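In the UniProt record's numbering, the protein residues as written are 1 to 352.
Rather than coming from a laboratory, the hints here were simulated on the basis of the structure.
None of these values were measured; they are calculated from a predicted model.
Errors might be hidden in some of the hints.
Said to hold, decoys possible - Capping the alpha-carbon separation at 27 Å, the derived lysine-lysine pairs in DSSO-like fashion look like this: (1) K84 <-> K63; (2) K312 <-> K174; (3) K312 <-> K349.
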Amino acid sequence: MGNCIPCSASETTQATISVNHRSTNTKPSSTTGTSIGTSNAVGISDLKVYTYSDLKKCTRGFKSDMVLSVGWFGTVYKGWVDEKTLLPSKKWTGFTVAVKKLNHESVQGFQEWQSEVNFLGRLSHPNVVKLLGYCREDRDLLLVYEFMKKGSLENHLYGRGSAVQPLSWNLRLKIAIGAAQGLAFLHSSYDNVIYRDIKASNIFIKASNILLDRNYNAKISDFGLAKLGPPGRGSQGYAAPEYLATGHLYVQSDVYGFGVVLLELMMGLRALDPKRPGPQVNLVGWAKPLLPNRMKLKTIMDARMEGKYSSKGAIMLAQLILRCLEEEPRKRSAMKEVADILEQIYAIKVKT
Numbered sequence: 001m002g003n004c005i006p007c008s009a010s011e012t013t014q015a016t017i018s019v020n021h022r023s024t025n026t027k028p029s030s031t032t033g034t035s036i037g038t039s040n041a042v043g044i045s046d047l048k049v050y051t052y053s054d055l056k057k058c059t060r061g062f063k064s065d066m067v068l069s070v071g072w073f074g075t076v077y078k079g080w081v082d083e084k085t086l087l088p089s090k091k092w093t094g095f096t097v098a099v100k101k102l103n104h105e106s107v108q109g110f111q112e113w114q115s116e117v118n119f120l121g122r123l124s125h126p127n128v129v130k131l132l133g134y135c136r137e138d139r140d141l142l143l144v145y146e147f148m149k150k151g152s153l154e155n156h157l158y159g160r161g162s163a164v165q166p167l168s169w170n171l172r173l174k175i176a177i178g179a180a181q182g183l184a185f186l187h188s189s190y191d192n193v194i195y196r197d198i199k200a201s202n203i204f205i206k207a208s209n210i211l212l213d214r215n216y217n218a219k220i221s222d223f224g225l226a227k228l229g230p231p232g233r234g235s236q237g238y239a240a241p242e243y244l245a246t247g248h249l250y251v252q253s254d255v256y257g258f259g260v261v262l263l264e265l266m267m268g269l270r271a272l273d274p275k276r277p278g279p280q281v282n283l284v285g286w287a288k289p290l291l292p293n294r295m296k297l298k299t300i301m302d303a304r305m306e307g308k309y310s311s312k313g314a315i316m317l318a319q320l321i322l323r324c325l326e327e328e329p330r331k332r333s334a335m336k337e338v339a340d341i342l343e344q345i346y347a348i349k350v351k352t
């Protein structure tokens, strides 16, 4: 966990899946158990192999009213499948899934799709979104995930409308703990996944990659870029200094990004917002100097919590954020330690 492990695009070729192109004229029936990985690809054989027709049917023809989100990668649709067979079912029957349909124009579309299947196909953790199946036919690349009823963390922090209620202090901590545990798991896995996109709001996609189930349990999603590393320069506002300077990703770079997420949870403000006054555009640059000062800390806590939080817990959280945001990667806490400290903060009772 403490080792610096650079990540490059070439690594994705070392454990690639091998799915034959399928002609739309010879579509096979949906099945499971198709070999798509190397010998260490534990669990990939359990993924459902869908036809394009299957997924078109379960999303009602990819209708616009089934759209959950749209991003540079493509579009995510709501669909329904049978609980036992995972085959398409009638609307409102079976259980809900999220179907990601990648853009044909995406230069790295296949790599992104392949990366998702390789990683999620062999990873299983309560705080990592579950991949149920996939489809590849000609140029069409699709992925099928469990549906996260409460949507994204981003929506709960910054969404508008009466349907969006402010998150309580305890809920914010619960979400942070879940995301931290998911990331700690990824860091301890044999793949040494460098998860570049761990943040509340992804500038590459509109939806967040921290998703919430009906009980506000957090799960990390979007693995398409996890091991591709640069060409991008990372997400502004979340990228660690060493990544901006060198383009290299390390496990400690994830910790920095997670520290930014914790700061967003504490303050209820976006990591980067050009609408704020000049010195406050970058949340880290603005708030980091205020975190050690207990009096100033009170002034930057999200007002929507209405003061209903533990003062001691807020101080501990501020200290933890500072450790995550250390300029030198080796000084940052490991994600397992971050998760443990968050649980300690959560255990502190809030005075009502």
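Hints violated by the structure (numbers, ascending): none
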